[in-house]
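**Student:** Read off the chains here:
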Amino acid sequence: MKADPKGVLTGSHYIDGDFACCEGALAAGCRFIAGYPITPSTEVVERFARRAPLVDRALFIQMEDELAASIAIQGAVWAGKKAMTVTSGPGFSLMMEHIGLAAMTETPCVFVDVQRGGPSTGLPTLPGQADMMQARWGSHGDYEIIALSPNSPQETFNLTIDAFNLAEQYRVPVMLMMDECVGHMMERVVIPPAEQIEITPRRFTKLPPGEYLPFKPAEDLVPEMFKAGDGYRLHVTGLTHDFRGYPAMSPEVQEQLVHRLVNKIRLNAPKIWRYEETGVEDADVVIVTYGITSRVAVEAIDLARKKGIKVGMLRLIVVWPFPEERIFELASRGKAVVVAEMNYGQVFFEADRAARGKAPVILAGHGGGTVHNIEDIVKKIEEAHRCRS
Amino acid sequence: MSVIKELQKASLSPAAGLTSPEKHPMDDFLRMDRMPHIWCSTCGIGVSVNCFAKALEKCAYPLDDVVVVSGIGCTGRVAGYVKVDSFHTTHGRAIPFATGLKLANPKLKVIVFSGDGDIIAIGGNHFINAARRNIDITVICLNNFNYAMTGGQVAATTPADSILSTSPYGNFETPFNLPFLAESVGAVYVARWTSLHVYNQTNAMVEAMQKPGFSFIEIVAPCPTIFERQQKMGDGLDRLRWYCENSEIRTDAGTKEADIRLRDKMIVGKFVDVERPTYLDAMNAHYQEHLGSKYKVYEG
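Which chain is which? The protein sequence lines are H and C, in order. Under my numbering, the final residue of the first sequence carries the number 399; numbering is consecutive throughout. Under my numbering, the final residue of the second sequence carries the number 304; numbering is consecutive throughout.
Treat the hints as calculated values from the structure; they're not laboratory data. All clues stand as given, with none of them false.
The calculated lysine-lysine pairs, modelled on DSS-like cross-linking and capped at a C-alpha distance of 30 Å, are:
#1 215(C) - 237(H)
#2 300(C) - 111(C)
#3 16(H) - 298(C)
To list a few chain C residues with every Cβ distance to chain H over 10 Å, as calculated:
#4 26
#5 30
#6 54
#7 154
#8 167
#9 176
#10 203
#11 216
#12 249
#13 286
Covered by chain C, per the in silico footprint, the following chain H stretches (three or more residues, Cβ under 8 Å):
#14 58-67
#15 77-84
#16 87-99
#17 105-119
#18 238-249
Think of the CB as a built atom: it goes at the ideal place given N, C-alpha and C, for glycine as much as any other residue.
Model the full assembly from the supplied sequences, consistent with the hints where possible.
**Tutor:** Following this line, the structure appears as structure tokens:
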């Protein structure tokens, strides 16, 4: 279906990534944000607090903490709204239990993490990309989520819409993994007319009460949804539950439920993977990168090419699920891999695992606080090139 | 065959219908296919669930509009047994979940039913902020003075000197006075009753649910398996006798006097019943005043 024009601010704007995220959410049909202020994400909720009263049926509430924000959105979702919350590292840590709740209860919602330097309070005003593994595995227990990483305000707008659509398609919490640079960078953002924005509606059941089983999966492993007040009078729990939604404390039900939660993403992963390749075909070295680091990597690639090394780039747009088959293909063709990210190895270890020893995989990482020094990436490209030959 | 089994059979049998003589009066309200429940014999939670069913009947809300939200713990299991839309959330976070639910669809009648550890200790921050905002929900807090689901640990509500597994030499902390706390943070309706006071409890639930805004009921309930046994206070019936002899029903009491001591008289009754704009009423009035015709009243 097409976007509701009431939330779409069609036109050309000069705004930062945080504002673009807010506009993306409104365009996607998000009408409920529960937030808690934290640098460098605050501008997202500041804009939503201004916009919501002027958009029909939209509401912003500033909660008492991130625990509250991350579960208030789930209450709103079960009442029928599209909802998201926005935070940065320390707040993201507090939200972990509710990411698990959303995974377990298959609540479609969006978590935005504008990453800053960590651990702990770290560097509140400076960038990081070290929450990537936390986004994937931060809550206890076994589950899969989807994580996207934009590299510009325009892409933040686009991917916020995609995040909502994926959340609805797979009934899963979707993480939008921004970073401080993309969040605070101001660029042109073109918002198209509503009729050009594709929106995935909630997968509500058409079965009547009595026939509908709330956690019985459809063919793609995703169950259809109901909402409170529709007369189904059903139960939703974070406990292991059967098709009826009733708690069931048995290894058999656990296997049936948790394996499906994992498989609904793993088996659908080829449909979810998204990456952008530049100059990969003739390359001897491929830089795998995402977010703001991808824009620095472009400069490093230019310098390395001037030095005679054929370098290409695979930019992850969807980071989780990870396109491991593609990495394996590239490594199998003898292309060395450099993973450039603002941490000491998170996506790197995944890429290294996916290459299965077919080619050298080298990390160009640092602890955050600023983008990469271009020369440092070039050195890693040279190192990878040497290792390859 | 046990009574429960018979009830189960009746509710599952194809013959069970409105005219069936085997139909139990609670059939419409409870998930009979989930019986027997997990609560201990003479625990106070079942009493309150029964009172809640009666209160809903008195209010005559369409059950399709009623939503029960619970956290974690013995009382947290209430959501699983009531046959309305119900959400069993995370420990301490039933109130913010209910806040999202209510604000997203104000037509829903949202009741948080959970225990003292859940609502007041781990969830205390949400409790005080939801009351301050005057979110239009009813919070029913079963206070059994301990963490019962995990085997009886000391709680933020445990009276001084109580022996529990993590206060083996007696509790030396000062417990919360729940009505005092609720009043001080802005609840518009505050009452306390015990599992003995089934009529008062039911009436309080009716009043609380009909009251626009954040209403709070504390139910002092026996936990005979752990709390009463550890304090050598007898079984559930002994405890009800104790409530009968030691509950002082007051209509004029200030919440400050409502402290609970282990073996002293305990004040019960309605403490607060005041008017204050709910969160959404305040929001709509404020935006209408400041944004004028640009603002369309929010109705969910």
